[in-house]
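Undergrad: Please work from the sequences and hints to get the whole structure.
Sequences listed follow chains A and B, in order.
The opening position of the first sequence corresponds to residue 966 in this note's numbering, with each subsequent residue numbered one higher.
The opening position of the second sequence corresponds to residue 152 in this note's numbering, with each subsequent residue numbered one higher.
You may find that some hints are simply not true.
Here chain B is said to cover these stretches of chain A; the calculated rule only asks that three of the stretch's residues, wherever they fall, bring their Cβ under 8 Å from a Cβ of chain B [as the list claims (entries may be wrong)]:
id, stretch
1, 1029-1039
2, 1254-1260
Over the 10 Å line for every Cβ pair with chain B, so calculated as not near, a few chain A residues [to be verified]:
id, residue
3, L983
4, Y995
5, P1083
6, Y1138
Reference excerpt, derived from the structure (chain B facing chain A, CB under 10 Å, subset only) [said to hold, decoys possible]:
id, residue
7, E175
8, E194
9, Y205
Source of the hints: derived by calculation from the structure; they are not laboratory data.
The beta carbon of each residue, even a glycine, is placed where N, CA and C say it ideally should be.
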Amino acid sequence: MKFEFYNQLWDFDDDVELYFLHEKILQYTYSTIKNDSNKKIDRFSRIYKTDFINVLEQRAETGTIEFARPLVQSYNDELFENVSDDYTMCWKRTNIEHDTLIIHLTSFAGHEGRLSSPLTNVSEKIINLDTDLLIVNEDPFRMPEILYPSNMVLGVSNKCDSIKSTCNQIRKYINKEYKHVILYADSKHAGSVVSIASELQDLNIRVLTTGGQSTYNWETSPWVKGYLKWFNRPEYLKHQYMPITGVVLMHIVKCYKFKQMNIDKRITDPYKFLNDYDIPVDFLYGKYDIDYVGFKNYVERLKINNLTMHEIDYKISSSQTHNIRPYVDRFVLKDYIENL
Amino acid sequence: MLLPLIDGIEVDLNDDLDLYFFHEYVQWKNYSFNRVDKKGIREKINLSAFQKVYMQRANTGGWNFAEEDVYKFDEVRFELPNECKTICISKKDNDYETLIIQLASLSGHGSRLTQPFSSTSESIYNTNADIIVVNEDPLRFPEFLYPSCYILGCSERLHSMKLMADDVRRIITEKGKQYKKIVVYSDSKHAGSGLSFAIELSDIVTHCFTVHGTNTHDFNESPIVKDYLENYKTGWHTSPAQWMHIVKCYQYKNRFEIPDHILNPLKHIKNYNIKVDYYHGKYDDEYRPFLKYAQELDTGISYHEVDYRTKYETHNIRNHIDRKILPGYINEI
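TA: As structure tokens, then:
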């Protein structure tokens, strides 16, 4: 099936075309960065741009992303231990008997994050909490890039290639009974964190997530629906242009692929089934996050018993309204843990 | 330097990432065009090989998967490979007086990332001559610069024509042979590089057998570059190979100090005692500007028009040349 992006039709059933579409997304991102180089931007966006360019330059120079492996597969061994064979999970070193465990789904955005961060690149605010901590990352070297990272819908590595096998590996780390087990995730993992919670429901689990992609289902995703409405617009509206970001485009492609792969709806559309489980979910969304508002509205409309929505009055800058993690890590998480 | 290249996309020729993405775009155009218009059997094979290597690239995140195929050589028919696995010499029982140094010309990703570095045609191998195959390492990067048509040598270690020439001399010495005739055989994108290499080896090379193609890499002289610079404002268009020629010529001029006899050998070849026979296809319109450029210079080259084409291909006349012309040429020189 062919879809229109960047004024061209792309065959979603042709993996070579999808490879080039992914390159086109990167090229478009790069040209946007270049065009905006004189604009005043926030610190996070500045770091993002520098890292993005560094990573892509190294890839062009070496013909591969393998240059990133030594860094990506490193970890802070003073703070962490017990790294899994597939370099996706590790455990915080501690001598204290905590009664709470945080399972943290790390969410490195884009190439610049996932190919320039060690496995244990986690905020100190999380590490310093009085809890045990298990970091769960998706292997950034899974390919093709048009499909991976899969937002954990296809697991976290070639070894743990499903939510179920990922959860089996998570279970191996848990050697005692905790009073509280919190799955903490954000943005692109807002949906998969619920799938993982469903699989681990017997652990007395609860979910804290910031707003983001709450469904990866071709039929229910608000981004897919919005795009298809535009794509199938009547002839008299053909002149209309739909601006689309790389993140949205990748979401659309992945939803298409997940559908093609017949991934269980409980994985691609987990909030729809949340009422079947006794899992409390706290969903924190940014007041100014217009880009992802469709996902927030979607879960709200599902009337889920255990779902609590929290509006967060925070934005990094006028151009970065989605990422509320710095605020949540600093001002919400600690209280949340202490008041369980 | 900011230039609108293919489809009006502005490319900063001094920005490596712009050039990286431009190269990807050219490949994409190539693929989407060929996928729709599959043409003949050779084009279908090329398309299939292209799809195969790009699928592997997509599935592995790089080109390293190709190492196994491209860094091997036919050990039955060749020997003495160099350290960087780009040069080897034929194993033949006869004591030939002639040596062919062939600049291998594996076109496109589908070919250069699937072929061993000793890859050469049966017709060439079966001539009455020893053969040295020189291949450019297909895993040099960035791709907007490499393969460099040997302008930047054939590998990271042999990164100039001079170093390449030294290695060829070493191989001949180690083989213990004294050849009466040494012919540099090159074609298409290596038409000019074959002449440059002959100049670099002018102490031993006696002949050049050149099949028409890109015969200059000089940004100021290339007819394609000139035509582009004069006409790009009016929607000038060309093939993916020529787009990359423009990009590479700019890089050779601005990033490196490359001797003029390497970039533009046609201007120097007459100063050397090398007999050049230059074969060009009668129907090869795409590369005609290069032919015109060469013929207008005082080079001392002998030109031969070849009345050959396939149904879909007018430029590539190598099949015909290898089979029908080269064996006789080698016997007669």
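Undergrad: Now tell me, hint by hint, if it's right for this structure.
TA: Going down the list of hints, with the structure as the test:
With a threshold of 8 Å between beta carbons, the proposed coverage of the stretch 1029-1039 of chain A by chain B holds, since 3 of its residues qualify and at least three are required. Coverage of the stretch 1254-1260 of chain A by chain B is violated [criterion: at least 3 residues with CB-CB distance below 8 Å; count 0]. At roughly 7 Å from the closest C-beta of chain B, the C-beta of L983 of chain A falls inside 10 Å, breaking its exclusion from the interface. Distance to chain B contradicts Y995 of chain A as a non-interface residue, since its nearest Cβ pair spans about 6 Å, not more than 10 Å.
Non-interface status of P1083 of chain A relative to chain B is upheld: no Cβ of that chain comes within 10 Å, the nearest being about 19 Å off. At roughly 28 Å, the least C-beta separation between Y1138 of chain A and chain B is larger than 10 Å, which holds for a residue marked as non-interface. The beta carbon of E175 of chain B is positioned within 10 Å of a beta carbon in chain A (closest approach about 5 Å), and the interface hint is therefore held. Evaluation of the E194 of chain B hint against chain A yields a violated restraint, the C-beta minimum of about 16 Å exceeding 10 Å.
Contact between Y205 of chain B and chain A, as hinted, is supported at the beta carbon level, the nearest pair being about 5 Å apart and thus within 10 Å.
The structure is inconsistent with the numbered hints 2, 3, 4, 8, although it conforms to all the rest.
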